[in-house]
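Fit the two chains together into the complex; they arrive one by one in their own frames, and the hints show the way.
Residue numbers (the numbering used here), protein chains in the order written: chain H, 1 to 375; chain B, 1 to 309.
If you are wondering where the hints come from, they were derived from the structure by calculation, not from laboratory data. Incorrect hints may appear among the rest.
[As the list claims (entries may be wrong)] Stretch by stretch, here's where chain H covers chain B in the computed footprint (C-beta under 8 angstroms, at least three residues): (1) 41–49; (2) 69–76; (3) 84–96; (4) 209–223.
[What the hints assert, rightly or not] Looking from chain B toward chain H, a few residues come up when the C-beta cut is under 7 angstroms (computed): (5) P80; (6) A100; (7) L299.
[To be verified] A few chain H residues that don't get close to chain B, going by computed Cβ distances all over 10 angstroms: (8) Q13; (9) F26; (10) G342.
Note that beta-carbon positions come from the ideal geometry of N, C-alpha and C, so glycine has one too.
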Amino acid sequence: MTAFLALVRKDLQIFFGDTRAVIMAFAAPILIGSFFGYVFGGNQNKKESTRLEVLFVDQEQGLVTKQLLASMQQDANLEVTPSALEPAREAVHKGKAPVAIIIPVGFGDQAARALFGSGAKPEITVLFDPSHQVEASMVRGILAGQMMVAMSSKPGGFSLPFMTKDEALTARVGVAYNSYAHSFGGMAIQFMLFMGIDVGIGLLLLRQRGLWRRFRAAPLSKIVLLGSRAASAMLVGMMILAVVFTFARVVFGVKIEGSLPGFIGVCGAFSLMTAAYGLLIAALAKTPEAARGLAILATLLMVMMSGAWVPSFMFPSWMQSFTKLVPARWAMDGLDAMTWRGLGIEEALLPIAVLLGSTVVFGAIAVWRFRWEAD
Amino acid sequence: MLTAENLKKAYGSLQAVDGVSFRVGPGEVFGLLGPNGAGKTTTIGMLAGLVAPDSGEVRIAGHHISGDTSPQKRRLGVVPQELALFDELSAAANLTLFGALYGLSGAAEAKEQDRVLTLVGLADRAKDKVSNFSGGMKRRLNLAAALMHDPQVILLDEPTVGVDPQSRNAIFDNLETLKAAGKTLLYTTHYMEEAERLCDHIAIMDHGKVIATDTVAGLLRQAPVSSFVLIDLVANDFANLVEAAALPGVVSATLSGRQLRLGVQSMGDLPELLRWLLSHGGEFEHVQTERPTLETVFLHLTGRSLRDA
Chain H
1 MTAFLALVRK DLQIFFGDTR AVIMAFAAPI LIGSFFGYVF GGNQNKKEST
51 RLEVLFVDQE QGLVTKQLLA SMQQDANLEV TPSALEPARE AVHKGKAPVA
101 IIIPVGFGDQ AARALFGSGA KPEITVLFDP SHQVEASMVR GILAGQMMVA
151 MSSKPGGFSL PFMTKDEALT ARVGVAYNSY AHSFGGMAIQ FMLFMGIDVG
201 IGLLLLRQRG LWRRFRAAPL SKIVLLGSRA ASAMLVGMMI LAVVFTFARV
251 VFGVKIEGSL PGFIGVCGAF SLMTAAYGLL IAALAKTPEA ARGLAILATL
301 LMVMMSGAWV PSFMFPSWMQ SFTKLVPARW AMDGLDAMTW RGLGIEEALL
351 PIAVLLGSTV VFGAIAVWRF RWEAD
Chain B
1 MLTAENLKKA YGSLQAVDGV SFRVGPGEVF GLLGPNGAGK TTTIGMLAGL
51 VAPDSGEVRI AGHHISGDTS PQKRRLGVVP QELALFDELS AAANLTLFGA
101 LYGLSGAAEA KEQDRVLTLV GLADRAKDKV SNFSGGMKRR LNLAAALMHD
151 PQVILLDEPT VGVDPQSRNA IFDNLETLKA AGKTLLYTTH YMEEAERLCD
201 HIAIMDHGKV IATDTVAGLL RQAPVSSFVL IDLVANDFAN LVEAAALPGV
251 VSATLSGRQL RLGVQSMGDL PELLRWLLSH GGEFEHVQTE RPTLETVFLH
301 LTGRSLRDA
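Just chain B, same shape as in the assembly (with noise of 0.2 angstroms):
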């Protein structure tokens, strides 16, 4: 439904975007996850037609977007990070200019903002003006707005930005709602944990440039690790991380205070693990275990933390 191939853009001497291609499927929602600055939003700004590629093609249901009026525009829905709407207007003023924009009117119109009112939780407040909206109302309206003409693919860049979680999960059952119905999502962010929530598949980028793209469970068999052991210490003084990280099977030592964090490729080595911390100083009271993450992948993959990048 919705293919890019081989996008370049450069602003002046920086490579915003290099080389990014991925195709997403009806009913899939295809993750961009990156740091701030990797590329996501003009990745975006080009499939939605609002920024014209140096190089490359971006392909909607194996249509060009071509100019200002091109048809393949109805296809698309654009949730901007920003929080794009009137907030002088009431939401419904706000849904009848945004329907409007792709032809909407009259009884047609009417329909549609019922529908998407409903879709997000604010059938009773539609003639209520947006600025009196908390932010998880807005960030809800923002999303509404770009499904009013009810396309085929929609485009959230980061679309959860600064909400409460009870706002974000509503977001998160109002796409899987989309998804569902066989819409093609493509969704950016840098919170892995929507990522792997959401996503059928993820391209991590950095840089201007995809650096992996699999389903989730592929991304995480690139980690270097099968799980993290959390063991925290009767004692802070342990003496012997260095020890610990050559072990067989350990493949990363970190000591926080009195927790003692390995990265460990089998789980089949633990015990033997936990033996050698008793018989090295290393008496313990709690273990726990933590399966990697995206945040694994992506610092394994450029030796920075998404967070940090």
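Chain H on its own, in the form it takes in the complex (with noise of 0.2 angstroms):
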């Protein structure tokens, strides 16, 4: 026990000595984790959400156009702008709006009309940025819905014949989506499993320093040298995510809604994850050098696969499916569900129990494959 504490004091003085590795370790999740936060749309408790930019070219300035331009100034989505066609045409061939609407002369009568059946339907244009594509399907759906409300203001007029109430399916009621919760948890994942990799790179460098000579000539087991390793880099990863996820709860509120215990178990499992994960990069390249690149290429792929960039859900269904092989999605999976999904530990207990297997057959290989003679 003296040698295996030891071995994990040692991993831990030379790690918080290392001003680099702390800085990766720490502070990059974070800073990265407030980006990706604010991107996503931040805590929308604390502000509005961001609103659509929409240029409204009204060639008409008929009652109706009018009338179909306050109703969309109404809506909480849009933040619509008069505009000239040339000037709307020309800021969304530049990028400076995603969306314009051309109202066409004479729109207010045929709209009447062909709402009627007696006449042919007269034609918007909808000029959008190419990579808006979805924000321009918005508008168009927010469009129809409004020229409902516009065209049932005159006499005999029409409207929805239903309405739409709109609940966020967060934590509990009243409890808004923290995109930071994601984001942070996201990023702590991808940081956690560059330290895996620096446990695998440094227990190389020991076979090409001569340490492991002199570890090999101790009298310790395989399980102290390759376990201690491991203990090290699981609590070091302990410390990063309580450090993020403090960080997150102090400056953007981001909180354990659903059950603490099962937060603590998804952390712990993919710590002990990591760990296994850089024991499996030292068992399976031979130089320091080998292994750095193969090994960032690998988490860099496992880390966009198990969601930590962008959600999950917005990949293709096919690859929703194929990244459940990743062991770093369901640690994703169980992040969210603690934090701002508010599940409780029934939900936690599949993912730990993924990355706790995940954890045998990472380490299993390592000791399977790893070089125990000193060179």
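As structure tokens, then:
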């Protein structure tokens, strides 16, 4: 036990003595998590959601079109600004506005006739930036709804035969979605996996620096030698998660809305898996140089498929299924479940089981393939 | 104390060690001398239990090293050829760690740390980071780290590589202190001067085999000459080198610039040789003699120089 603890202490001393490693492990996920969290909506309890900018070109200036403009300006999702045609076209072309709507002359009368089936339908042109197709579709939908509202202001007009009530299913009623919860979890996962690479490379460097000869000459079991490295990596991993989520809590109001034991369980299981991942890198690579490039590529792929950068629900359906083979995906889902989704510990059990299973598989391969002999 | 019997180890088609045997007693320094690639480090690896031999066995005080946690490993201290230290940590932190690998902690560890730091002359640098040490200081700490658990047998793999003469002498002094304390030292080197100075017995290795083993004096007796005579000629046009080499009692003759080097079987032949030289165009201005070295023995046994091999 003396040797085991001394080896763990040594790893922690070296880690915390390396400013670059500490910054990469703690500051980088906070910085990048803050950026992604802000981009993906931030804490919706604290601020208004981002409104989509739309340019409105009214070539008719009639009663209906003015009513339509007023209706659209009432929509909470849109920031509608009147514009002339050419400035609107130029703004969309240059990417300064994602969408512009052009209402033609004669629209009001044609639309009224078309509504009752006796005339040709007028044509509204929607100019959009090709990189904002989703937003253009959203504007078309809102436009259709608001058009009915505008037309219904005419005598004998219609209105939509239903209303919608939006409810975001977060942890509970009154708790808004906080995208920082996802982004901080994702970045913690990414930088913990990077730390796993350092664990593997560190073991390979021991061999290169002759330290492995010293360790193997001592009366130590393989379990002590590799287990101590895994234990120190797990401790650092837990510290990264603790620091990152504490920062997210204090600065961005990210809360563990679900089960705290479940959250700790997912964090612990992922930390263990990261440690085993590091051992696996050390076992499969022959030199630190060979390990670095391949391990970084594998790690980035794993992070990408985990949904750490963009939520996995944005993936194509086949990819959503496929990425369940990636252990980090389970860590991400588990952290989401325990934070902003506010789910109970039962939803953490499967992610924890998958992560622990991955730990066993990675660890077994590492022990099997590890070169125990000193060079 | 340390016995190696018929150790063999191959890596693929390369027979790194081929039937190496020797015994080293308490208070004795045994040298493995040979060029790079002779199999010295692999032999040390097998002695330390780091490399599993294909055949043969190692015994320490009559016991085999069996398994990772063999208690016999506590009798062994290994000084690797590399500077096997954590540069990021202080000297004291390194020693605490390497002591802990053998179960040392608390007051016992502190006592051993003081002892080894004093031995290698680094007691006043204990708290300094190793990265701030000179190469020689790192070498001394590399030795100290292997001594924390007070092993009876110390395996030293080229422990003076790349150090300045002052640090080398300091390490030699440390090793002589250990020898005087009754420790068993096995020392690999490709520096013949080190082997001659330190070792009681030497095994000369080449291509994985021990090609000669004896005391230093015994090995030197295997040299084909008893002395070398170095003669500085007045002129550089000496033309009778072949005749000089064929003189009775002369084993070898080489000419480098104005210096003629004759290997002779007996110093008694020297006056006659010098008279012959004067009468054959070899007027000289200075004569000195040199005894043969282990380099001479290696050259004689292998046909190659230690440094060139």
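Verification of the hints:
1. 41–49: holds (count 3)
2. 69–76: holds (count 6)
3. 84–96: holds (count 7)
4. 209–223: violated (count 0)
5. P80: holds (4 angstroms)
6. A100: Cβ of B/A100 sits 3 angstroms from chain H, so the hint holds.
7. L299: This hint is violated: B/L299 lies away from chain H, its Cβ roughly 30 angstroms from the closest one there, beyond 7 angstroms.
8. Q13: Per Cβ check, H/Q13 is inside 10 angstroms of chain B; nearest 6 angstroms; violated.
9. F26: For H/F26, whose nearest Cβ neighbour in chain B is about 18 angstroms away, the distance exceeds 10 angstroms, so it holds.
10. G342: Holds, since 43 angstroms exceeds 10 angstroms.
Checked against the numbered hints given earlier, the structure breaks hints 4, 7, 8 and satisfies all the rest.
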